[in-house]
Each structure stands twice: as C-alpha cells, then as structure tokens.
Amino acid sequence: MHNEQKDILLDRLSAKLADYESTSPTDADWNSFAHSYNKRKRNAIWFKMALFLLGLVAVFAVTAIIFNNQQANNGQELQKQEAPVGNDSKEVDPKAPVKADQDIQNPILIQTKLTKELSSDDLKGNLLSDKQETKSTENLKQEKMTTNKSVYNSQSTNNQQQVGDEEYTAFNEELAAEQQQIVTHTQQPTILAPHKMAVIGYRKKDWQPLLQTIPIPRDSTKYDIKTQPKSKFFIESGALFTSTPHLKGIYPSNMGYNGLLVQAGYRIAPKWHIVSGIQWGKLISYDRYEESQTESRTTIARVDTTLKYHSGYNRIMMNIDTVTHTTTNNVQNSYSLNTERVWLAIPILAQFELGNNKRFIGLSAGVVSTQISSTTNTLVVNETGGQQRVSNNTKEWLFAPTVGVFGYHRIYKQVGAVAGASYLTYLPNQLLNHNHSFQLSAGLRVQF
Amino acid sequence: MNAALAEQYIIDGCIKGNAECQRMLFEKLYSKMLALCKRYTGNTDEAKDMLQDGFIKVFENLHKYRGESSLQTWVSRIMINNAINQLKKNQRLSLVSLENEGHFDRADETDAEAVDVIGDLNPEKVIELIQQLPTGYRTILNLYAIEGFTHKQIAIALGIAEGTSKSQLSKARQLLKQELLNHKKNA
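If you're matching them up, the sequences are chains A and B in order. Offset between the first sequence (1-based) and this note's numbering: plus 973. Offset between the second sequence (1-based) and this note's numbering: plus 151.
Treat the hints with care, since some could be wrong.
Using 27 Å as the maximum straight-line C-alpha spacing, the simulated DSSO-like pairs for lysine-lysine come out as follows [unchecked claim]: (1) B:K179 to A:K1012; (2) B:K317 to A:K1014; (3) B:K167 to B:K215; (4) B:K167 to A:K1014; (5) B:K240 to B:K303; (6) B:K215 to B:K183; (7) A:K1014 to B:K239; (8) B:K183 to A:K1014; (9) B:K240 to A:K1021; (10) A:K1012 to B:K239; (11) B:K239 to B:K208; (12) B:K179 to A:K989; (13) A:K1331 to A:K1386; (14) A:K1012 to B:K335; (15) B:K276 to A:K989; (16) B:K276 to A:K1014; (17) B:K208 to A:K1021; (18) A:K989 to B:K183; (19) A:K1014 to B:K303.
Think of the hints as simulated: they come from the structure by calculation, not from any bench. It should be emphasised that the depicted structure is a prediction, and the values quoted were computed from it without experimental measurement.
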C-alpha cells in the first residue's frame, strides 16, 4: 500500500474500478483474436524459415570462400612443384616469358604469346630470352622472321628453314586441336594456376557439359572428368522443412513439419544406386478455430527408398521411390471423431546432375502419385442409448507434378554439404484445401 | 473439479496449444482485462486492440507462469506492461514535471462533492471520464490509484523522475475532479 497521505477521492475511484468487469466477449471478439493470433504464429514460422535459409546461404558462402582459397593455395603449390629445374623463381608469372615445354602444356599461354609475337615487328628478344630454348622454337623464330622479310629474302631459304616450316605447321595443328577442345559459352577460361583453368560450358568434341576447375594435362586428349561416383556407400543427415497440403475438414490445419533426415546410398552396380532413408518430424499445425477445433500433435515418420540408374556421363537417372508417409491426424473433438490417414507416395522422377564427385548441382522433375487411405472413427448413439464406434474407410489417389533442385559440395575429404529444395502441386482434387507443398533440406553427406 | 484444478487444466491446455483451453482462458479474463485496457486508452476500439496484443503475449509466455500469484494478477501485470510499452512505443507518454509550476492539487471541500459523484456514476461512465484525460495523466492515475503502484515504481516503469510522477498525478486528480463536478453540473 501507499505510504503517501490517504486520498479519499483516489480511494473511492479505486474501489469503484478495481474489480469492475466490462462486457463479455462475443464470438466475433474471439474469432478476431484467433485470427490475429494465428497470423502471428504463421509469421513467426516464416521468419524462422527465412533465418534458416539465410544461415544456409551464409554457410555455403563461407564454404565456397574456404574452398576457393584452398584451390588457390593448391595451385600455387602445384606451380612450385612443377617449376622447371634450374628456375630459381618461387612463383610463376603468367606474363613472363615461358619456356617452350610450359607453352605446350598450356594452350592459353601459347595463344597469348604467339599472338603477341606475330603482331610484333621486332621479333628479337622474345623467344631468344632463354638460352636454353629448343630447336623447334629457334625454327619458329626463323620462320616468322622470314615471313616478315621480302619475297627476295624468302627465295634464299635453305634446307634448315624448310625443316622449321614443317615443325611450325605441325605445332600450329597441335595448337588448333587444343583450342578446339574447349569452347566456352558463358565465360572465358580463367587461368587460376599454370595448369588449371575454370570452365563453364561445353566440350566441343562430344558436347559434354563442364562446370569445374580442371587440370590441363600435357596430353590434351586426356580431358577426363570422372562422373561415375567412386564411393561405394554414402550416408546423409540433415534438417528439413516440408510444408504439407491441407486436408479438407481437418482442423487444425497442418502447415508442415520440421524434422530430421537420415538416408544412406549404396552402389549396387556400376550404374545402379539404391538410396534409402527416413524422415522424422513434428507437425507444425495451426488451429482455425472452427466449431470442430481440436488439438493435433503428430509426428511424421517417412521411409523413402529410391533406385537410381546412372545412364552415363550426364547422370540422367530414373528414380522409383516408394514413400510410406504415415500421418496420423488424431482429430478429437466433443464428438470423439478420430481420423487416421496413411499416405503412400510413388514418385517417378528424372534427375540431371552436372558436376563431379567434388560438387554437383542437379535438377529433378517428375510426377508423384499418392494414395491416401483414410479411416474415420466416430461414436454414434445406438438404440439402447449406448455408444458405438463406427469406422469408415476411403481411398483416394492424387497426382502431383514436381520439380526440384539439389546440390552437393565437398568440404573436407569424404565430407560434403548437401542441400535441396523441391516443389509439388497436386492436380485438382476433392481432398485438399491447399494443393501446394515444398520441401527444403540441408545437411552433410559422408562418402565411403 | 475444483477451481484451482480447473485453472491448472486450462493453463496446461493453453501451453500445449489447445484452442479450446485458450478460448476458455480468453473468455474467463476478457471482461476484466478489457476494463483494464479501457482505462489506459482513449476509446474502446483502441482498448480491444491492446487487449488482443496482451492476450497474445499471455499465451506466448504462459509457460513462464509459476503460480506465485493468481493467474488473474499475472495476466493483469502483463496487460499493464503491454499498455505501458504500447504508449511508450507510440510516443504518447509526454510526461513533463510540473514541480516548478507550484500548483499541486490538494484535498479540499470539493473532494467530498466529487466522491459523491463517483458513487453515483456507473463504472463505465467513470472510465469514460478517465479516458478523456491526457495520456500521461491517465496512465499515472491508473498505476497509482487503481493498480497500487508507488511513485517510485511508476518512475521505474515509465523511466521518469519520481517528482514527475507526483506532479502528473496531482494534475490528473485535479482534472478528473473537475470533470466529475462538471458532469454533476450538466446532469
């Protein structure tokens, strides 16, 4: 109580209002509150999801930066290791005069250098800068000098010059063959290190896609990106969020489920993989505050088995999944209504993966056929006044086209990050209020 | 089921997200909390908005309720804090100390007349008169006279000087008394 002097006016005011109750709530008051409360809950979920995605992006960005730094360091190490004997310089400058054997290893350097040389009036000092230049280079120089001389001078070429012409022609053909190997469509090749280059595009020879940093071997015909997975076994684990479609007449409505994903893959034959896993999650539900409003707390266990066939280089795969998706919507209200549903989904997907064992990005598209078996139990009053449990079973088939994108990026040795997103929409049906569903997942993969 | 058990059942249900229990709690405390919110706002619509926001906070924090006070007291405290925060957020609490103005309202012979008017009026009409007070006066009058806060507690809650609380209460008292007397005159 107050220590201040007693105030009769304020005391009377307090007595009048302290226990006063205003008007009672109407249904409209409750519905209005329920609406804003649900909206707030949904917003909170979306906010958490947005934070999760931002975190995911940040993790990938950091991983990519670390990976690129490692690549750059590896490139420098490689330079040091492969520096010609007797060369004291610690780092190789791509603009510096390059020895002939290095030229042959790197078509880009060859092209750059040759273009510069051919456009120069003064051919002295370029190829002669190194005393250990090869005979073929000497011939090249002489040939170029000859080209720039008058017809009179060209008539005086001797047999040695003739040998040089042949070598130069052979060299040119070799260079042209090298150049034809790579046609970049979106980006010019970037030299990361003397023996590495980043390529996004196609290999012209057989129109194979390229998306990676590749070593440039001495023998240009050995451009080989090993697409077939070396690992025999992998295990993946991570978090996922799946939004679920809304079933008509079910309150509260399910918004989706957060959960964990664990799956394992095994290469049963060179081109065949079997992937199996489980998803476990808690339903996120929100009440719609209808007359039949009830509580629903459900866990989802989902078993997913996929048989994958790698058709070859492009990894076009056909997936045949059987998904036993058991959702038990225990909806209980004053009428003791109870509905259980079992989802059996059979997705048939075509997948396309671009990349290699270190990292790849993939797209998938297909159709998911889903059978939903519903069992509704109700209590009815019988003639004797007692209650009797009545069950009603129905089966519905739903079809949904789906698309997805997924990726893998090796982080360290056999450990890599995986992430994926997919979307599906059910074709018009009588069972669902809301036909859309999407899934986000992220985790780690360990390969053995 | 006795009242305490019933209340515990409702609380547990609300924590689990049971809509039925949430509705029961909402209906149980609605009238009282609406009256509280009306005292802090200028009109009923504003009070209802404040009430909704307060109930959302109640449901979000109900798991923190330890039973050290009655549920109604705990909810009231959340509603009061919510009211203060909203008024602060909307920058409607312009509290200026009147200490230097030297015109503190003192109890005098007109007090008895005003007290009689309060006795004659129904509570809803008294709330209407309080709603006509400026926000700062109204808030401090409510906190001091009805919620039982001391000036020190008010000063901490609103982030003002204790003297400011005293002077605002004095001004609020003076204005309210004037309104009560005017009401009697016009009646």
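List of violated hint numbers, smallest to largest: Of the numbered hints given earlier, those the structure breaks are 2, 14, 16, 19, listed in rising order.
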